[in-house]
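The whole structure should be built from the sequences, with the hints applied where relevant.
FYI, in full-length UniProt numbering the residues of the sequence shown are 1 to 428.
None of these hints come from the bench; they were simulated from the model. Treat the hints with caution; some may be incorrect.
Simulated restraints on C-beta separations [claimed, not checked]:
hint, residue 1, residue 2, range
1, Ser-422, Lys-388, 47 to 53 angstroms
2, Gln-356, Asp-224, 55 to 61 angstroms
3, Gln-211, Ile-359, 16 to 22 angstroms
4, Ile-378, Val-358, 28 to 34 angstroms
5, Tyr-168, Glu-381, 17 to 23 angstroms
6, Ile-378, Lys-343, 39 to 45 angstroms
7, Glu-64, Ser-422, 48 to 54 angstroms
8, Lys-369, Met-167, 22 to 28 angstroms
No experiment lies behind these values; they were computed from the predicted model shown. C-beta atoms are modelled at their ideal positions from N, C-alpha and C, and glycine is treated no differently.
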Amino acid sequence: MDMGTQGSGRKRLPNRERLTAEDDALNQIAREAEARLAAKRAARAEAREIRMKELERQQKEVEERPDKDFTEKGSRSLPGLSAATLASLGGTSSRRGSGDTSISIDTEASIREIKELNELKDQIQDVEGKYMQGLKELKDSLAEVEEKYKKAMVSNAQLDNEKTNFMYQVDTLKDMLLELEEQLAESRRQYEEKNKEFEREKHAHSVLQFQFAEVKEALKQREDMLEKHGIVLNSEITTNGETSDTLNNVGHRGPTKITKEELNALKTMGDGTLDIRLKKLVDERECLLEQIKKLKGQLEEREKNGKLDNLRPGDDVLENGTDMHVMDLQRDANRQISDLKFKLAKSEQEITALEQNVIRLESQVSRYKSAAENAEKIEDELKAEKRKLQRELRCALDKTEELEVSNGHLVKRLEKMKANRSALLSQQ
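Written out as structure tokens, the structure reads:
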């Protein structure tokens, strides 16, 4: 049975099988020792009984037949006496020549021998008692060492299980840490994407605000120009559903209408802005008014000259044509103004939507920031927990090593005690 310590790279047997094998080996050793001890006890008991019976028989024979018993017992129990001693005893008895004296000597010798036998018996009992006491102490020490060994093995198994549990917890925490790191990376990526989208929306919002400011400034300049030239735009709904636009000149007495020809001319004035077109329209209107004044002056002169009847129909046609042209120009201008107002309202709606989108993106950015901060906090906590578990694992490994060292010492002591016991048994 291998009782050495187990290395880190060595493959370990299961704790239950290892404990079972060691328990079986120890039980086998104990059973063999007890069997040998019982056999020796039985042999000693049988020898003691035989000796006691022999001694009792010898005592009875000595009491009944002293002479015969003494000679027989002396020859049997004292085989180590020399022939010279026997001769001296025989010579002494013959010299004395008295039967009573020889009987008394034999009786004293037998009594002395019985005392010696009793002393020998006491010595044997003392030796047996000491041996039994030493054997009992050895068995108690062996049981104590076995109990300590079992406790050490159980503690070693518990520490091994705790080590396995700690390793499993460390692996689980590593997996959780990897998942949280992946979530943190994904959150950071989403945060960067949302931040970029927010910057794009912010830039688009600033561009739209700039365009809105330009359109607003252009409308303001147009209104200032119209007010400067005394043009007031009024929109009235006619009975057939169309919008009739009138353009009034503040500086003149009556309303002036724009004809379709002037409207077409306004439309074909190139690709300039509305302000440039209105400026051209106002200049053309001033020119037309000057022409009207000139024509009126010419008409007055011709009336004075007697040609009023021929020129009046042409003047009426000219005035009617001028009014139609101005009215068409006014209608086109009002239509463009309504289009610009619609575009302005649409731009305001887009700006409102962009502002709401910016607010939403800002809330998302703040939410992602809080999520990233929480993830970093959880990561720090997991790192601290990992360090704590690593410290506990190191402590458990140190305890395991200490227990393995103490286990090795106990095994060595057990082997030494087994060797001492086998030596004592061999001596017996």
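Status of the hints after comparison with the structure:
1. A hinted range of 47 to 53 angstroms for the beta carbons of Ser-422 and Lys-388 is consistent with their spacing of about 51 angstroms.
2. The hint said 55 to 61 angstroms for the Cβ distance between Gln-356 and Asp-224, and at roughly 33 angstroms that hint is violated.
3. The hint said 16 to 22 angstroms for the Cβ distance between Gln-211 and Ile-359, and at roughly 21 angstroms that hint holds.
4. The hint said 28 to 34 angstroms for the Cβ distance between Ile-378 and Val-358, and at roughly 30 angstroms that hint holds.
5. A beta carbon spacing of about 20 angstroms between Tyr-168 and Glu-381 agrees with the range 17 to 23 angstroms that was offered as a hint.
6. Checked against the hint of 39 to 45 angstroms, the pair Ile-378 and Lys-343 fails, with Cβ atoms roughly 51 angstroms apart.
7. At roughly 49 angstroms, the beta carbons of Glu-64 and Ser-422 sit within the given window of 48 to 54 angstroms.
8. For the hinted restraint 22 to 28 angstroms between Lys-369 and Met-167, the CB-CB distance of approximately 37 angstroms leaves it violated.
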